[in-house]
Amino acid sequence: MAGQSSTGTSATRRLGILVILMLAALALCGLWFSAEDVVQGSTVRIMYIHVPSIWTAYIAFGLTALCSGVYLSGKNRSLAWDRVAGAAGEIGVLFVAVSLVTGSMWGRLTWGTYWVWDARLTSTAFLFITYVGYLAVRQLGGTHRQRARRSSVLALLAILEIPLVHFSVTLWRSLHQEASVANPNAKVELDGLMLFSLFLGLVAFTMLFVWLVLHRQRVMMLEDAFSDRGLDVAITARRNEAGV
Amino acid sequence: MSNASSKRRIAVAVARKDLTIEWNSRILVNQVAPFAAIVMVLFAFALDNDGILQRVAPGLVWLATLFSMLVVIQRSFTVESADGALDALRVAGVDMGAIFVGKAVALMVQLFVLELMLVATAVVLYGVEMTMVGFCEAIVTLVVATVGLASVGTLYGGLAAGARGRETLLPLLLLPAVAPVLIGATRATEAAFGSGGTTVSEGWPWIGLLLVFAVLFCAVGTVAFGPLVDE
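Heads up: the protein sequence lines correspond to chains A and B, in order. The numbering of the first sequence is numbering that gives the first Met the number 0, which starts it at 0 and goes up by one. The numbering of the second sequence is numbering that gives the first Met the number 0, which starts it at 0 and goes up by one.
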């Protein structure tokens, strides 16, 4: 990475511009062009952010688990896998937070309360806390390899925990709106532009996620290189002191 | 000597060592048990209603267990990290899976004693009543839940042992992971206590959930403990 002054390339810059345009189009479609819902009114517009956020978070945590698994199973164990896992984990936490906040806003307007102890909400809160823990473990220090191994194992443990937590919380209680659009048995009729806005949101947020991961993992690579260089400088200084 | 026999001997030695340290120091009896008891008393102050206390007694027993468990786990790994004992074992080539089993067994024994005391406290302070069948179900719940709690606790306790800010990291990692045990154990104990009109038979499916959790994390802990604590 020596000599590179930014984490962007011409390809990521083009991707970034495309993401900005798509988000602008989403804002126009979601807030302006699409119709109000018959029952929910303008409240439905929150869904154009809420659903893509949680969708992106699931992709992010899936990618974290996949890269962690590849890192642990690979023979050469490239740290690039660990950095992508870490970047996806960070961005996943961000999108779960967005999803929880927008979901609370929607809940206040629709259900009359910011929070209900429903299975899906509670599981999502646990998902958020579990990955905050994952990020905390990434900050524990030690060598890059130690960080990679610890966090990879933890990411796989998290994947094991999540279904258990979800299952137990579902048994505990359930009230959340079932999946509507993705459910083949549900008779939900969405206006064409509403459906378009929703899918535009999914695509735009997914591309935003890719753009963020590309940059974040490059920043992580630079951070690792910087700390390695700092170590090299320290070792050289001590050797010079000792006259070795 | 076979590999399995060697691992068993290591696990027994580690468990015996931890329990001997506990027996000599009496930390569980002198500090953790009074802490758990005061938590139960504070719950009574906060809720201030006999009917509500009887209804929520199972949840309070398990919450007090979780809070106390954090103290016991940190104590268990402070002993290891203070003198670099875990590093010494690792350098000596001792199997990490066997160390996990040994420490988990020692933790199970301590937690089980603590939980028995908490159930007795609930009977005395909260006026909980149990039938003989309910008592048997409560004991099964305690055993199965304790295996799960001790497995996860040992796994994350080992990870947090050598870390900066371990006092805060351990609850952050551990409490979300043990949520299924809290839910399952509370529901099973409700059935055993007969809280809120539940019957004993309603508790067995929750014990099934606890059993799945315990088996899963026993197996995973044996494999994952080494990579997680390896410094």
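There may be inaccurate statements among the hints.
As the list claims (entries may be wrong) - For each label pair, taking beta carbons as the anchor points, the in silico distance ranges come out as:
id, chain 1, residue 1, chain 2, residue 2, range
1, A, Gly61, B, Thr130, 41 to 51 Å
2, B, Ala12, A, Gln145, 20 to 30 Å
3, B, Val142, A, Thr6, 30 to 40 Å
4, A, Ser41, B, Ala45, 24 to 34 Å
5, B, Ser4, A, Tyr113, 54 to 64 Å
What the hints contain is simulated information worked out from the structure, not anything from laboratory work. The structure displayed is predicted, hence computed values, not measured ones. Don't be surprised by glycine CBs; every beta carbon is placed ideally from N, CA and C.
Verification of the supplied hints:
1. Gly61/A - Thr130/B: 41 to 51 Å: holds (47 Å)
2. Ala12/B - Gln145/A: 20 to 30 Å: holds (27 Å)
3. Val142/B - Thr6/A: 30 to 40 Å: violated (53 Å)
4. Ser41/A - Ala45/B: 24 to 34 Å: Hint violated: Cβ distance 41 Å, outside 24 to 34 Å.
5. Ser4/B - Tyr113/A: 54 to 64 Å: holds (58 Å)
In this structure, the earlier hints numbered 3 and 4 are contradicted, and the remaining ones agree with it.
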